[in-house]
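Under full-length UniProt numbering, the residue at position 553 of the sequence shown is numbered 553, and the numbers go up by one with no gaps.
Watch out, some of these pointers could steer you wrong.
[Claimed, not checked] Distance condition first, Cα-Cα at most 20 Å in a straight line; then the derived SDA-like pairs of lysine to any residue: (1) Lys-583 <-> Leu-674; (2) Lys-417 <-> Ile-439; (3) Lys-478 <-> Asp-468; (4) Lys-769 <-> Thr-562; (5) Lys-530 <-> Ala-547; (6) Lys-410 <-> Pro-437; (7) Lys-387 <-> Met-326; (8) Lys-239 <-> Gln-193; (9) Lys-709 <-> Gly-563; (10) Lys-387 <-> Asp-468; (11) Lys-387 <-> Ser-289; (12) Lys-375 <-> Lys-691; (13) Lys-530 <-> Val-511; (14) Lys-253 <-> Gly-442; (15) Lys-239 <-> Asp-211; (16) Lys-691 <-> Lys-583; (17) Lys-707 <-> Ile-764; (18) Lys-530 <-> Asn-551; (19) Lys-449 <-> Pro-507; (20) Lys-100 <-> Pro-363.
Everything labelled a hint here was simulated from the structure, so no lab data went into it.
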Amino acid sequence: MSFSDYIVSRSLPIWFFIYLIFLVLLGKSQKEVLQVKVGVVLDTNLTLADLSLRAINMSLSEFYNTHNRFKTRIVLDIRNSKGTVVGAAASALYLINKRKVVAIIGPGSSMQAPFLINLGNQSQVPIVSFSATSPLLDSLRSPYFIRATYDDSAQVHAISAIIESFRWREVVPIYVDNEFGEGILPYLVDAFQEINVRIRYRSAISFYSSDDQIRKELYRLMTMPTRVFIVHMLPDLGKRIFSIAREIGMINKGYAWIVTNGIIDQMSLPGGPSLEDMHGVVGVKTYFSRSKELANLEARWRKRFGGEELSHFGYWAYDAATALAMSVEQISNVNMSFNTTTNTSRGDNGTDLDDLNVALSGPKLLQVLSTVSFKGVAGRFLLKNRKLEPTTFKIINIEDSGERTVGFWKSKVGLVKRLGVDQIGTNISHGSRRLRPIIWPGDTTLVPKGWEIPTNGKKLRIAVPKKDGFTNFVEVTKDANTNALTITGFCIDVFDAVMRQLPYAVPYEYVPFETPDGRADGNYDNMVYKVFLGEFDGAVGDTTILANRSNYVDFALPFSETGVVFVVPVKDEREKGKWVFLKPLTKKLWCMTAALFIYIGLMVWTFEYIADQNFRTQRITEQISNVFYFSFSTLFFAHRKPSTSIYTRALIVIWCFVVLILTQSYTATLTSMLTVQELRPTVRHMDELRKSGAKIGYQEGSFTLEKLKQLGFKESRLKTYSSPEEMHEFFLKTSSNDGIDAAFDEVPYVNLFMTKYCKEYTIIEPRYKADGFGFAFPLGSPLVPDISREILNLTEGENMRAIENKWFPGEKYCLDRNTTDTPIQLDHHSFQALFMIVFGTSLVLLFIMLSCRRYLEGRGNMNGDPPNPPGDGPDDHLRLLLLMLASRIYQQRRGNIIGARPNPPGNGPDSQDNARANQNRDVTEGGQGANETGGAAEPADNDHCIVEVNEGVNVGDGHHEANRIGKVNLELQRQQSQACLVRRRSNKLFSEKNMPLGMAPPPARMHLA
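Please construct the entire structure, taking both the sequences and the accompanying hints into account.
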């Protein structure tokens, strides 16, 4: 035995012992792994369920391979529901009671889900579904139902965005008649109401319907005008419907088919609808972002299962299994046992609802499932209200080669052509701008208008009324030789113009509403009722929109004026009395004018009396007569006597301006009263017609008959007419000769009547409301919205005016007439401002004159001079006013110059007072000397002339005064010299003969420096 053999032989027991220890540890670790039972309820006979089950197993296998240290392992217990509700319920009961599963994945359809959800709620076992999409399941309000998928209500906003983008206004939903189909319907209704889309009809087709029953239902849809269908069902039933629809011609031009993701998501599965049958269909498909996780899963799937494609339900099943595995791991320390309540007296069948076990781990597992979040293959797995919420759907178009993406729908954005760009989408943008080009049924890119009048290839039959009068609106003429009909008129031209503006062609023909012998076949109500019965496809003419008629037909918007009025004759009431010349002015204005004339006379007398001495010498009666004659002569601008006062002249200028305006206005108003016609209605209000029992005319066949009865007019006092000419003849006859006193008709007819007889009739109050003329169509007609829109476009443009001018030439309305009780007169408000100007100006002039007079009298009294007689000149006061202003300015400037210098000795305030006293004394003495010598002593040097003197006053020696007061600078001497010259000239103006009344000449003053 070699040494190596010896070592090996001795080490074998040691290695064996180590191996035993490893096995013990391994067994111990295996015992620490907690196996958690989770049930699966699916219809394993379906391909979709088989693929989903594979995805669940693959998810758990890959998850635990990645997380091999987790303490828990999910063990699936699979039960086959066999596609029935009972089978699903029995499987769930068995799993809960017998297998004691902590959660159930399933069921596979929305029909099987309600019973399972209730079981889960009672047993506290979470029901996790990846394929039950009906929104009705939310109404069960079970907290133990987890929807690991999108519910069908999430896609209704994408569908409504497509409908709105193509401006379709009516749709017909086609859905399977079970919980799956009905669940989406309330949400579709709400979404379409938001965009004002009408659901004309709801087509519910049973899953077990035969082909003949489906064909009959589709034929019924063909008889309706709606051509937009929304299909919501599972692929097996959808395949049959589209096959039959293609067979009977509903996958052709003019139709629009939109399918939900219930069909689109499973088209790639075996047994789905064929591409040929669904050519041109638009679908909403669930969208998954192309993430790295999704790409890796698809690669592993293809490697493991070959060419079979995993559906969107497989993606959700994969993520649901992952979420459940993560949640079970987090509750590994929670008691996962059940409260067993088995009743042995009922046997051991395990399906009795009274023996339902309750899972103790249910509340905790539900809490963890509701909050778990991770990045799954179908996107972020995050439950909101215990379900997944989508953000994006793909819009596809089915072609022969397969599906083609034409756009996307994103929440809060709307329709977009592609993701990542073009993110400013909108649900109201036109589809051609928000989506890529779509191939519609019939292999056309022309967008279906969404409706079709089911006429079997015939034209629309449009009824027109047969009328004998008012043919400007509608006229039906028949050629005697060829029997060819010619239908013309304002209403016909409007309808033709509207139909030409429609974005699609609508063939139609006019059919007169007449009897075989050519007479009118009843009134307008009868014609409207025929449209309701389906004998006509519409009615065009002067058909008034009324409430009772709208119960039978749909009216487009009115295209004419609205209202019903009374028409009465008019008479001329021009003023022809002998006192007509007083009418232009109101009494108050006459009185104010006369008072103002008297006031102006008094002001002229005041000014003249003060200013003119000769005027005061006249007798008082002569003064008054002259003044008032002068004042009233301004009416004719014939005042010739010159005024001596400038104040009088200023006042007369302003007064003449006022008189000019007043006389011109009076003349114009009087001329209007004597020449212009004053047309007054014979009756001013409808109440007078009713109280007097007047005869009223109305148009034959019009609704106005019933309106007159409602207003209280007796039918025996009503008379019909059929044309404007006949209406005029009845007015000429008057009621005493089988005529009428008034006519009651609609505004369009009255306007036509007034264009011919405008000067003879007028409209009186009140005006009753009516909705005007409108085109009538059957109830629910899809033509009405489009025609209403085009009517608005027509009335807002120039074409409507051209049509009106064609049929209603000349004046459309009469000129507005004055219908007041009294003629228009000029009142005091029109001249109030002028009168205030005259009054204010006169007071200002009087104030100025009295102020000047008082000033001069005060100066004379201060110097002790006797008052002088008034002057004869009219401008003395004005000159005095200017002189006062100049003197005041000079004194202020001189005071500023002296105040700026220091006072010389003896020049304080007291010294200045003494100087003024000496000055007055010297001037007085000098004046006496001057009188004796007969002149004033002039200074020898003009540069030193600083003394102001009056004529006839001698002035003392200026040098003597200068030596006494002090030396004066040269600048001040120049200013005083100039003042001397001004004073010398002004003294001539204030001589004894020129002084105004009561004013004395200014005293002589000597300003010494």
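Checklist entry - Between Lys-387 and Asp-468, does the CA-CA distance stay at or below 20 Å? => result violated, 71 Å
Checklist entry - When you check the alpha-carbon spacing of Lys-375 and Lys-691, does it fall within 20 Å? => result Not satisfied, since the Cα-Cα distance of roughly 88 Å exceeds 20 Å.
Checklist entry - For the pair supplied as a hint, Lys-387 and Ser-289, is the alpha-carbon distance within the 20 Å limit? => result holds, 19 Å
Next on the checklist: Please verify whether Lys-530 and Val-511 have alpha carbons no more than 20 Å apart.
Outcome noted: holds, 12 Å
Checklist entry - Is the Cα-Cα distance between Lys-530 and Asn-551 20 Å or less? => result holds, 13 Å
Checklist entry - Has the given pair, Lys-100 with Pro-363, been kept, meaning a C-alpha gap of at most 20 Å? => result Between Lys-100 and Pro-363 the Cα gap is close to 15 Å, so the pair holds against 20 Å.
Checklist entry - If you draw a straight line from the CA of Lys-410 to the CA of Pro-437, is it 20 Å or shorter? => result holds, 19 Å
Next on the checklist: Run the distance test for Lys-239 versus Asp-211: straight-line Cα separation, threshold 20 Å.
Outcome noted: holds, 11 Å
Next on the checklist: For Lys-239 and Gln-193, compute the direct alpha-carbon distance and say whether it is at most 20 Å.
Outcome noted: violated, 30 Å
Checklist entry - Is the Cα-Cα distance between Lys-387 and Met-326 20 Å or less? => result With a Cα-Cα distance of about 17 Å, the restraint between Lys-387 and Met-326 holds, given a limit of 20 Å.
Checklist entry - Given the hinted pair Lys-417 and Ile-439, is their alpha-carbon gap at most 20 Å? => result holds, 15 Å
Checklist entry - Can the restraint linking Lys-709 and Gly-563 be considered satisfied, given a maximum Cα separation of 20 Å? => result It holds: about 17 Å lies between the C-alpha atoms, which stays within 20 Å.
Going down the numbered hints, you'll see the structure goes against 8, 10, 12, 16, while the others check out.
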